[in-house]
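Visitor: Knowing the structure of chain A, use the given hints to seat chain B on it.
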Amino acid sequence: MSYLSTIDFAEDDAFVDRFHRAMRGDLDLSWMQAGTEPVPCHPQNEWRGLTLRDLDVGSYGFTDMPELIRENRSFAPRGAVLPAGLPDLQADVNRKSEVWAYNVEGYYEEAMTRQWNATTDIPWAELQHTELPEDIGKAYAQLLTFLTEVEMIATDVPAKWMGRLNADFFEVKNFIATQAMDEARHAEVFRKRALSTGFGLGRASGHNECNLKFLRDADSFAEASLTLHLQAEGMVLTLFRFSEYIAPTEGDKKLFRLVMQDEARHVGYGMQHLKWVIDHFPEKRELIHRHLDEAENFVFGAGYATEVMEPFIILAGKGLGPENIRQGVRITAAFQLKQAEEYFERLAKCGLPERRERSRLSKFVEMNRQMVTSL
Amino acid sequence: MAVTFPSLAFFEALQREMRAERERFSRLGFFDTTFGVRVLAEGGGRPMAEFVLAFEVFDCVGTRDGLGGAEPDFVLEGPLAAWREMLDTIHALGAADTAHSLNTLTHFGEGLRVRYDDPDGHDKLYRFAESIQEFIDLSARIDFTYPDGSRPPARREPIRRMEA
Chain A
1 MSYLSTIDFA EDDAFVDRFH RAMRGDLDLS WMQAGTEPVP CHPQNEWRGL
51 TLRDLDVGSY GFTDMPELIR ENRSFAPRGA VLPAGLPDLQ ADVNRKSEVW
101 AYNVEGYYEE AMTRQWNATT DIPWAELQHT ELPEDIGKAY AQLLTFLTEV
151 EMIATDVPAK WMGRLNADFF EVKNFIATQA MDEARHAEVF RKRALSTGFG
201 LGRASGHNEC NLKFLRDADS FAEASLTLHL QAEGMVLTLF RFSEYIAPTE
251 GDKKLFRLVM QDEARHVGYG MQHLKWVIDH FPEKRELIHR HLDEAENFVF
301 GAGYATEVME PFIILAGKGL GPENIRQGVR ITAAFQLKQA EEYFERLAKC
351 GLPERRERSR LSKFVEMNRQ MVTSL
Chain B
1 MAVTFPSLAF FEALQREMRA ERERFSRLGF FDTTFGVRVL AEGGGRPMAE
51 FVLAFEVFDC VGTRDGLGGA EPDFVLEGPL AAWREMLDTI HALGAADTAH
101 SLNTLTHFGE GLRVRYDDPD GHDKLYRFAE SIQEFIDLSA RIDFTYPDGS
151 RPPARREPIR RMEA
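Same order as they appear, the protein sequences are chains A and B.
Numbered by my numbering, the letters in the first sequence go through residues 1 to 375 in order.
Numbered by my numbering, the letters in the second sequence go through residues 1 to 164 in order.
It cannot be assumed that every hint is accurate.
Derived list of chain A stretches under chain B, where covered just means 3 residues or more per stretch with a C-beta under 8 Å from a C-beta of chain B [claimed, not checked]:
1) 43 to 54
2) 113 to 120
3) 171 to 185
Source of the hints: derived by calculation from the structure; they are not laboratory data.
Quick caveat, the model's predicted, so the values are computed rather than measured.
Beta carbons: idealized from backbone N, C-alpha and C, even for Gly.
Only chain A is shown next, with the shape it has when bound in the complex:
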């Protein structure tokens, strides 16, 4: 208990006297003279309900929020009067450009309405009657182990930053709160599915975890977002779509469709954040490239680790026979190519078209393209 009040309220005469007077009906009512702005707020679309965008009005809005938040250092909601005596929470992130994204309020509303339940929305009873062959079952359990590892860190990262953002970034804080919930649900559903295959969990991945540690230990929220939302989740989104493609049952397909929805939303935030940064602070371009240089090194090591890639080959080829393996390698290589292509497409759309040339992943893409052609 390192933070102590400077006042002992029970012994403070002024505080106790004010309390007694209020309880006798002598109300102070000074808070009624706050002088804040009365604004009309109505749903623009009654079917949609009252959204955060409908609240983007006057001093409560986000459109006119300044780049530097100098005044509010507390928990005070944006637009409230800030009386003397509010604590300085020493938020780590007080620059709008570090966190803001076009349409962040829309991503939040979408997240709130598209929540699902890992316990009741997956046809577990149907899946229980599906027996997987041993090679497929073990490969699938290993894939699910890897995905559970990934989703646990993806829960930790937004949760770590949530309390470090200035309270004025209300819409971003709320969005990353939904992300933490989404990722926790993903870790839950992958763990449940791994155990329900009857093959249990597989092996943790050292290479993967080094990449996850890199994501967790980013020096700033902007770095964390760039590598988590845009790079890692972008690649995981392609991976979820590939996993839906190779999923052995209809129940598993539904599972991957539900997780891909959440992941695509997080990628959307990541893209719109990077666009915001490039549009407003083009001087940050080189810093972004340098961070991606290292991030791509980690992601290459994690994505192509034996215990990550081999399950894909077995699942894509539907077995361990030589022809299955050949087919699995061909399909997995095509997936890896697609994954890298979509990553570069997104960066180009955000304003970094030169990344494709600068990235060391490009060499791998070319190597993979030649391999796919020769198979």
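Guide: Just chain B now, with coordinates in the frame of chain A:
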């Protein structure tokens, strides 16, 4: 009376079915995208029909013939045979099976392809994946024929997703 696939009447019938399932689509969440459907003639790859489907909040708010002037987030494109194979499966089973979900058919462009200019628009196919799949699965309820007059196979199993 049977409608034809591909035709605007087919997608209007899907729109009506979606409105009848408003509660279910509300549970799936906001569904905000506009996408195109392009059916290619066999052989030459020439478009034989194109449609725009617009979704907002929990509803299909617009269906129209042709892609002219539209700026869809993405376009689902494929030969009539690929669309037919998917719709036949849905009609027979009540919902797509593992080989015929939209993601599976489009992932490597083996059955259908996804065309897009903007990766953000492209990602909406995945942001709303379950809503789009369930919308397409509603075709199991529609009485329709193909241009050659043939019909999709009769249902072998009860409709799964919507009546479960």
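Visitor: Each of the hints needs a verdict: does it hold here or not?
Guide: To see whether the hints hold, each was checked on the structure:
1. 43 to 54: holds (count 3)
2. 113 to 120: This one holds; 3 residues, not fewer than the three required, reach chain B with a Cβ under 8 Å.
3. 171 to 185: violated (count 0)
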